[in-house]
Amino acid sequence: MKWKALVLTVLLCLPAAMARADVALDDVQVIAKSLGFLAAKPATPAKMAIVFAPDIAVSKAEADRLAAMLGSGFKEGSLTLEPLLVPVAELEKLDGAGVVFVTTGLAAHQGAIFESAKSKRLLTVSTDSSCARTGHCVMSVASQPAVEILVNKQAADQSQVAFRAAFRMLIIEI
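The opening position of the sequence shown corresponds to residue 4 in our numbering, with each subsequent residue numbered one higher.
Derived by calculation from the structure, the hints in this document are not laboratory data. Just to be clear, a hint being listed does not mean it is correct.
Calculated cross-link-like contacts (lysine to aspartate or glutamate; reagent style DMTMM-like; alpha-carbon spacing at most 20 Å) [unchecked claim]:
no.: 1; residue 1: Lys96; residue 2: Asp67
no.: 2; residue 1: Lys123; residue 2: Glu95
no.: 3; residue 1: Lys44; residue 2: Glu93
no.: 4; residue 1: Lys96; residue 2: Glu85
no.: 5; residue 1: Lys121; residue 2: Glu151
no.: 6; residue 1: Lys96; residue 2: Asp58
no.: 7; residue 1: Lys44; residue 2: Glu79
no.: 8; residue 1: Lys36; residue 2: Glu79
no.: 9; residue 1: Lys123; residue 2: Glu93
no.: 10; residue 1: Lys156; residue 2: Glu118
no.: 11; residue 1: Lys78; residue 2: Glu93
no.: 12; residue 1: Lys96; residue 2: Glu176
no.: 13; residue 1: Lys63; residue 2: Asp25
no.: 14; residue 1: Lys123; residue 2: Asp160
no.: 15; residue 1: Lys44; residue 2: Glu85
no.: 16; residue 1: Lys121; residue 2: Glu93
no.: 17; residue 1: Lys63; residue 2: Glu93
no.: 18; residue 1: Lys36; residue 2: Glu85
no.: 19; residue 1: Lys121; residue 2: Asp160
no.: 20; residue 1: Lys121; residue 2: Glu176
no.: 21; residue 1: Lys121; residue 2: Glu95
no.: 22; residue 1: Lys123; residue 2: Glu85
no.: 23; residue 1: Lys36; residue 2: Glu151
no.: 24; residue 1: Lys96; residue 2: Glu118
no.: 25; residue 1: Lys63; residue 2: Glu85
no.: 26; residue 1: Lys78; residue 2: Asp29
no.: 27; residue 1: Lys63; residue 2: Glu95
no.: 28; residue 1: Lys123; residue 2: Asp98
Per label pair, the in silico range of CB-to-CB distance [claimed, not checked]:
no.: 29; residue 1: Gly39; residue 2: Glu95; range: 25 to 31 Å
no.: 30; residue 1: Thr137; residue 2: Leu173; range: 18 to 24 Å
no.: 31; residue 1: Gly74; residue 2: Lys96; range: 15 to 21 Å
no.: 32; residue 1: Ser75; residue 2: Ile177; range: 34 to 40 Å
no.: 33; residue 1: Gly80; residue 2: Met172; range: 15 to 21 Å
no.: 34; residue 1: Ile175; residue 2: Pro90; range: 29 to 35 Å
None of these values were measured; they are calculated from a predicted model. Where is the CB? At the ideal position from N, CA and C, for every residue including glycine.
Given only the sequences and the hints, what does the whole structure look like? Please build it.
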């Protein structure tokens, strides 16, 4: 009987754990440290374009949370990241960005975001691993329960984004 209660508890907790895609401070630190492994590092301070859909609650909330975490400048080593909120309908605002963060809930827009970022040779990153798995982001990160960095090699090649060789030991390349 106890095992049934345990199984039920685990099953009830799974949807919440699986749904976690909201960006956390540890995710931002992983992203910032990863930028240090780029062959062509962004100038500092670097604008992190945070692409979101104002009408998609999860996307808007994640964008607001990330912008608040970055504040007037998030420093990691010699790099400083500054937020640049970019509504998905205004991708021309990616000009001048050093990296593009794709918020959760934008599956229908990921292709257009990737094409725009790719033309500017920008790293696209998300906490939504499906973005990297589908080739619409170069990289996805997760810091919980353990650090996981996925890099889509084809998306990186298309975007002309290259990482130093030492980074390959730290990532899962797909």
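Outcome of the hint check:
| no. | hint | verdict |
| --- | --- | --- |
| 1 | Lys96 - Asp67 | holds (17 Å) |
| 2 | Lys123 - Glu95 | holds (10 Å) |
| 3 | Lys44 - Glu93 | violated (25 Å) |
| 4 | Lys96 - Glu85 | holds (14 Å) |
| 5 | Lys121 - Glu151 | violated (23 Å) |
| 6 | Lys96 - Asp58 | holds (18 Å) |
| 7 | Lys44 - Glu79 | holds (13 Å) |
| 8 | Lys36 - Glu79 | holds (7 Å) |
| 9 | Lys123 - Glu93 | holds (15 Å) |
| 10 | Lys156 - Glu118 | holds (16 Å) |
| 11 | Lys78 - Glu93 | violated (27 Å) |
| 12 | Lys96 - Glu176 | violated (29 Å) |
| 13 | Lys63 - Asp25 | holds (11 Å) |
| 14 | Lys123 - Asp160 | holds (13 Å) |
| 15 | Lys44 - Glu85 | holds (15 Å) |
| 16 | Lys121 - Glu93 | holds (16 Å) |
| 17 | Lys63 - Glu93 | holds (14 Å) |
| 18 | Lys36 - Glu85 | holds (15 Å) |
| 19 | Lys121 - Asp160 | holds (10 Å) |
| 20 | Lys121 - Glu176 | holds (19 Å) |
| 21 | Lys121 - Glu95 | holds (12 Å) |
| 22 | Lys123 - Glu85 | holds (18 Å) |
| 23 | Lys36 - Glu151 | holds (13 Å) |
| 24 | Lys96 - Glu118 | holds (14 Å) |
| 25 | Lys63 - Glu85 | holds (18 Å) |
| 26 | Lys78 - Asp29 | holds (13 Å) |
| 27 | Lys63 - Glu95 | holds (19 Å) |
| 28 | Lys123 - Asp98 | holds (8 Å) |
| 29 | Gly39 - Glu95: 25 to 31 Å | holds (28 Å) |
| 30 | Thr137 - Leu173: 18 to 24 Å | holds (22 Å) |
| 31 | Gly74 - Lys96: 15 to 21 Å | holds (20 Å) |
| 32 | Ser75 - Ile177: 34 to 40 Å | holds (35 Å) |
| 33 | Gly80 - Met172: 15 to 21 Å | holds (19 Å) |
| 34 | Ile175 - Pro90: 29 to 35 Å | holds (31 Å) |
Checked against the numbered hints given earlier, this structure breaks hints 3, 5, 11 and 12; the rest are met.
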